[in-house]
Amino acid sequence: MESESTLPDWASKPCIMGIDEAGRGPVLGPMVYGCLYCARSYEKTLSTLNFADSKTLKEEKREELFEKLKANELIGWAVDVIDPRELSAKMLRKIKINLNEISHDSASGLVTRVLNMGVLLTDVRIFFSLKRMWVFPLMHAYLAVYVDTVGDPEKYRIKLSERFPSIKFVVAKKADSLYPVVSGASIVAKVTRDRALRDWVLDETAENMTRNFGSGYPGDPETKSWLEKHQHSVFGFPSLVRFSWGTCTSYSKNMVEVVWESDKTEEDGSSSSSGKRQLKLSSFGVTTSKRKSEEIGSSGKSRCKFFQSRKLEQLANF
Amino acid sequence: MGLDGNSKAGITGTINQKKSETEVPNLTGKVHLLPCCIKYDGPSAVSHYFKPKPTGVEVEEMKVEEAHFRGRKLQGATLPIPNGYSGFVIGKKSPGKRKASDMSEQNSNTWEITAKFDNITYWNHDSLPSKVDAFVRSLHWLSVAEALHKPAAAEDLASASITLEKKR
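Protein sequences, first through last, are from chains A and B.
The opening position of the first sequence corresponds to residue 1 in my numbering, with each subsequent residue numbered one higher.
The opening position of the second sequence corresponds to residue 1 in my numbering, with each subsequent residue numbered one higher.
Derived by calculation from the structure, the hints in this document are not laboratory data.
Even glycine gets a Cβ: it sits at the ideal position worked out from N, Cα and C.
Keep in mind that a hint or two might mislead.
[Claimed, not checked] When the alpha-carbon atoms are kept at most 35 Å apart in a straight line, the in silico DSBU-like pairs for lysine-lysine are as follows:
1. B/LYS30 to A/LYS224
2. A/LYS96 to A/LYS159
3. A/LYS96 to B/LYS131
4. A/LYS229 to B/LYS51
5. B/LYS53 to A/LYS264
6. A/LYS96 to B/LYS39
7. B/LYS39 to A/LYS253
8. B/LYS53 to A/LYS229
9. A/LYS94 to B/LYS131
10. A/LYS229 to B/LYS39
11. A/LYS155 to B/LYS73
12. B/LYS73 to A/LYS159
13. A/LYS224 to A/LYS94
14. A/LYS253 to B/LYS51
15. A/LYS224 to B/LYS53
16. B/LYS39 to A/LYS224
17. B/LYS131 to A/LYS264
18. B/LYS51 to A/LYS96
19. A/LYS155 to A/LYS96
20. A/LYS305 to B/LYS39
[To be verified] Covered, in the sense of this in silico footprint (three residues per stretch, anywhere, with C-beta under 8 Å from a C-beta of chain B), are these stretches of chain A:
21. 81-90
22. 193-205
23. 225-234
24. 256-262
25. 303-313
So here's chain A without its partners, still in its complex pose:
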């Protein structure tokens, strides 16, 4: 997590801020939320600095602009880098947190962070483009939460406004081309994501691991081939990969099945074969194979409560 140095004088004047994201769609690597802010009076000058949507710029140009805005004392910025392990873990929790909640939390986390630094934020502009992957999951969120209109940036605005009543939020389609603060934020986010992936140190230490991740987008041939080569029958993938992505399920046929205790209650009795397998497992675990004892039938219910609650059973067949 990086951010800028001590609070400059202009930060106590009314400020505007843009927020954008990078790496929401990819199946691997971190997702990054970036923000850029400046005094409202500086916005006109900002538009002369040639920030454009990071996706329309070449990588070198983005890097150059990022260095430029970092050196500019009249601009502040911050990023929130969300580790792929955190994305997978949250999305696969017992009570799942979807990507929209993670995104909203990250965006509002940035607002909070900048406010806490003492910056007088009055306007925040957030990127919302129909072209990006962003929109589809958002629609989903709105469907789930509001059940009426679909994909309305207004709902997102209201949600944020309720959380930060003193700030005026603009959640606009193509905000990046309309507002230079958002273009700047998109550069901050995109460059941070690219660098994070470029410098990524794999946690796993197995042999023959490479770092030719490609862009991380599921359609990228380089990403596909990396996934292909780095799948593991027991562990799945290195933890750089977002296990919660649909892309990963297409590889599951090559992998050993894993049945989680936490998933079991929902799919109780779903397959007799898995029950049989558990029986076999239990015959090895002297004490605590932690599956639900009731599933085995006879052995569980007749047992004394002391043993039941500790998931202990007598071992008869060794």
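Guided by the hints, dock chain B onto chain A, whose structure is given.
Coordinates of chain B only, in the frame set by chain A:
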């Protein structure tokens, strides 16, 4: 030396303890109990993929560790095998040179110790380790069993009868 395990089903198993202590590998710190069933039995590059890290957090006197498996976050703690007990990995003993015809099903049920361990790390999905976890509680059995099987001393009997008296 051997341990005989007589079960209700009448099957007898033997665990050969000869190769203990120094001869077998020590897996202390490498035995993990996961909150899932991995439908695989065999070797795997565990230490290359499964990387528990200390969190610095301590709950109920247990040092919380963190690891990830298949994208899920696990929180766990390492517990020592209680005093007076040892952890063993046992494997089915290969029949050796004896002819197959000599072997009835019963006496082929011989196991041997292939590794030992002094602690075990158990993992929860999404929840901090706690003293109420079934695994931690399962160790209670050891002291209960000890109390149950200990020969009763005269004073124990005396105090027990006093207690019974009071209940009446």
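Outcome of the hint check:
| no. | hint | verdict |
| --- | --- | --- |
| 1 | B/LYS30 to A/LYS224 | holds, 33 Å |
| 2 | A/LYS96 to A/LYS159 | holds, 20 Å |
| 3 | A/LYS96 to B/LYS131 | holds, 25 Å |
| 4 | A/LYS229 to B/LYS51 | holds, 21 Å |
| 5 | B/LYS53 to A/LYS264 | holds, 27 Å |
| 6 | A/LYS96 to B/LYS39 | holds, 24 Å |
| 7 | B/LYS39 to A/LYS253 | holds, 13 Å |
| 8 | B/LYS53 to A/LYS229 | holds, 26 Å |
| 9 | A/LYS94 to B/LYS131 | holds, 21 Å |
| 10 | A/LYS229 to B/LYS39 | holds, 22 Å |
| 11 | A/LYS155 to B/LYS73 | holds, 32 Å |
| 12 | B/LYS73 to A/LYS159 | holds, 29 Å |
| 13 | A/LYS224 to A/LYS94 | holds, 29 Å |
| 14 | A/LYS253 to B/LYS51 | holds, 25 Å |
| 15 | A/LYS224 to B/LYS53 | holds, 30 Å |
| 16 | B/LYS39 to A/LYS224 | holds, 26 Å |
| 17 | B/LYS131 to A/LYS264 | holds, 23 Å |
| 18 | B/LYS51 to A/LYS96 | holds, 24 Å |
| 19 | A/LYS155 to A/LYS96 | holds, 22 Å |
| 20 | A/LYS305 to B/LYS39 | holds, 29 Å |
| 21 | 81-90 | holds (count 3) |
| 22 | 193-205 | holds (count 3) |
| 23 | 225-234 | holds (count 3) |
| 24 | 256-262 | holds (count 7) |
| 25 | 303-313 | holds (count 6) |
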